[in-house]
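From first to last, the protein sequence lines stand for chains A and B.
The numbers in my numbering rise by one with no breaks, and the one at position 45 of the first sequence is 45.
Numbers given in my numbering equal positions in the second sequence, counted from 1, plus 1000.
Simulated from the structure, these hints should not be mistaken for laboratory data.
None of the values given here were measured: they were computed from a predicted structure.
Check the hints yourself; a few may be wrong.
The following residues of chain A were derived to be distant from chain B, with all beta-carbon distances above 10 Å [to be verified]:
{"#": "1", "residue": "Gln17"}
{"#": "2", "residue": "Gln22"}
{"#": "3", "residue": "Leu45"}
{"#": "4", "residue": "Thr71"}
{"#": "5", "residue": "Ala82"}
{"#": "6", "residue": "Leu109"}
Calculated lysine-lysine pairs in the BS3-like style (CA-CA distance at most 27 Å, straight line) [what the hints assert, rightly or not]:
{"#": "7", "chain 1": "A", "residue 1": "Lys44", "chain 2": "A", "residue 2": "Lys14"}
{"#": "8", "chain 1": "A", "residue 1": "Lys9", "chain 2": "A", "residue 2": "Lys95"}
{"#": "9", "chain 1": "B", "residue 1": "Lys1003", "chain 2": "A", "residue 2": "Lys95"}
{"#": "10", "chain 1": "B", "residue 1": "Lys1041", "chain 2": "A", "residue 2": "Lys97"}
{"#": "11", "chain 1": "B", "residue 1": "Lys1041", "chain 2": "A", "residue 2": "Lys14"}
{"#": "12", "chain 1": "B", "residue 1": "Lys1003", "chain 2": "B", "residue 2": "Lys1105"}
{"#": "13", "chain 1": "A", "residue 1": "Lys57", "chain 2": "A", "residue 2": "Lys95"}
{"#": "14", "chain 1": "A", "residue 1": "Lys57", "chain 2": "B", "residue 2": "Lys1068"}
{"#": "15", "chain 1": "B", "residue 1": "Lys1041", "chain 2": "A", "residue 2": "Lys9"}
{"#": "16", "chain 1": "A", "residue 1": "Lys44", "chain 2": "A", "residue 2": "Lys97"}
{"#": "17", "chain 1": "B", "residue 1": "Lys1017", "chain 2": "B", "residue 2": "Lys1041"}
{"#": "18", "chain 1": "A", "residue 1": "Lys97", "chain 2": "B", "residue 2": "Lys1068"}
{"#": "19", "chain 1": "B", "residue 1": "Lys1105", "chain 2": "B", "residue 2": "Lys1017"}
{"#": "20", "chain 1": "A", "residue 1": "Lys57", "chain 2": "A", "residue 2": "Lys44"}
{"#": "21", "chain 1": "B", "residue 1": "Lys1017", "chain 2": "B", "residue 2": "Lys1056"}
{"#": "22", "chain 1": "A", "residue 1": "Lys9", "chain 2": "B", "residue 2": "Lys1105"}
{"#": "23", "chain 1": "B", "residue 1": "Lys1041", "chain 2": "A", "residue 2": "Lys95"}
{"#": "24", "chain 1": "B", "residue 1": "Lys1041", "chain 2": "B", "residue 2": "Lys1056"}
{"#": "25", "chain 1": "A", "residue 1": "Lys57", "chain 2": "A", "residue 2": "Lys14"}
{"#": "26", "chain 1": "B", "residue 1": "Lys1068", "chain 2": "B", "residue 2": "Lys1056"}
{"#": "27", "chain 1": "A", "residue 1": "Lys57", "chain 2": "B", "residue 2": "Lys1105"}
{"#": "28", "chain 1": "A", "residue 1": "Lys95", "chain 2": "B", "residue 2": "Lys1068"}
{"#": "29", "chain 1": "B", "residue 1": "Lys1041", "chain 2": "B", "residue 2": "Lys1068"}
{"#": "30", "chain 1": "A", "residue 1": "Lys95", "chain 2": "B", "residue 2": "Lys1017"}
{"#": "31", "chain 1": "B", "residue 1": "Lys1056", "chain 2": "A", "residue 2": "Lys97"}
{"#": "32", "chain 1": "B", "residue 1": "Lys1041", "chain 2": "A", "residue 2": "Lys44"}
{"#": "33", "chain 1": "A", "residue 1": "Lys9", "chain 2": "A", "residue 2": "Lys57"}
{"#": "34", "chain 1": "B", "residue 1": "Lys1068", "chain 2": "B", "residue 2": "Lys1003"}
{"#": "35", "chain 1": "A", "residue 1": "Lys97", "chain 2": "B", "residue 2": "Lys1017"}
{"#": "36", "chain 1": "A", "residue 1": "Lys57", "chain 2": "B", "residue 2": "Lys1003"}
{"#": "37", "chain 1": "A", "residue 1": "Lys57", "chain 2": "B", "residue 2": "Lys1041"}
{"#": "38", "chain 1": "A", "residue 1": "Lys57", "chain 2": "A", "residue 2": "Lys97"}
{"#": "39", "chain 1": "B", "residue 1": "Lys1105", "chain 2": "A", "residue 2": "Lys95"}
{"#": "40", "chain 1": "A", "residue 1": "Lys95", "chain 2": "B", "residue 2": "Lys1056"}
Here a beta-carbon is modelled for each residue, glycine too, at the ideal position from N, C-alpha and C.
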Amino acid sequence: NAGVTQTPKFRILKIGQSMTLQCTQDMNHNYMYWYRQDPGMGLKLIYYSVGAGITDKGEVPNGYNVSRSTTEDFPLRLELAAPSQTSVYFCASRKAKETQYFGPGTRLLVL
Amino acid sequence: ELKVEQNPLFLSMQEGKNYTIYCNYSTTSDRLYWYRQDPGKSLESLFVLLSNGAVKQEGRLMASLDTKARLSTLHITAAVHDLSATYFCAVGDSGGSNYKLTFGKGTLLTVNP
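Just need the whole structure built from these sequences, with the hints factored in.
Here it is as structure tokens:
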């Protein structure tokens, strides 16, 4: 099993550009999550999904969108990138009441 | 709203010493998770504590859970440099849905020679 994979690993965006961060898991987990982690800080939940076709906002959803058309994939869309979105983005997945498995992260720099 | 507090947030230890990281949470939950994050890396799962009185150990790390006190501890025995990392505790949603985990802010542990 590859676990949770994320692409790209690193990206530089210009202000106002858009991009999609990809996340795929091969563990047949129902629950998937997107977090951002700013330098020296903890995790902030952006969006989460409890199954295909079902998504909900976390604590910092503004400026982001998600979709969940399959169990495996949970892409995160950034529209009109801003410097405040410079961060490391982690995708995670889990089965109900079990531990979360995290992807390797995507480092995003918005200039 | 579920709140999770870790302390200390920063911990500098000497090799060979013992110390404990505390994780308090505000509402009822029946399971608690500990994660480790190395600098520049992702989070990896250390322990899942499922019930009151649960204790798990791996190497120099031992985690315990007291659901009545809403407290978990991560005890470090005879610290070594390789344990330097940030440690997060996380608690499932109260109310039984358990869809989301609420994470503490993390404890940055530095073990000095």
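Give me the numbers of the hints this structure contradicts, sorted from smallest to largest. The structure breaks hints 3, 14, 29, 30 and 35; every other hint is satisfied.
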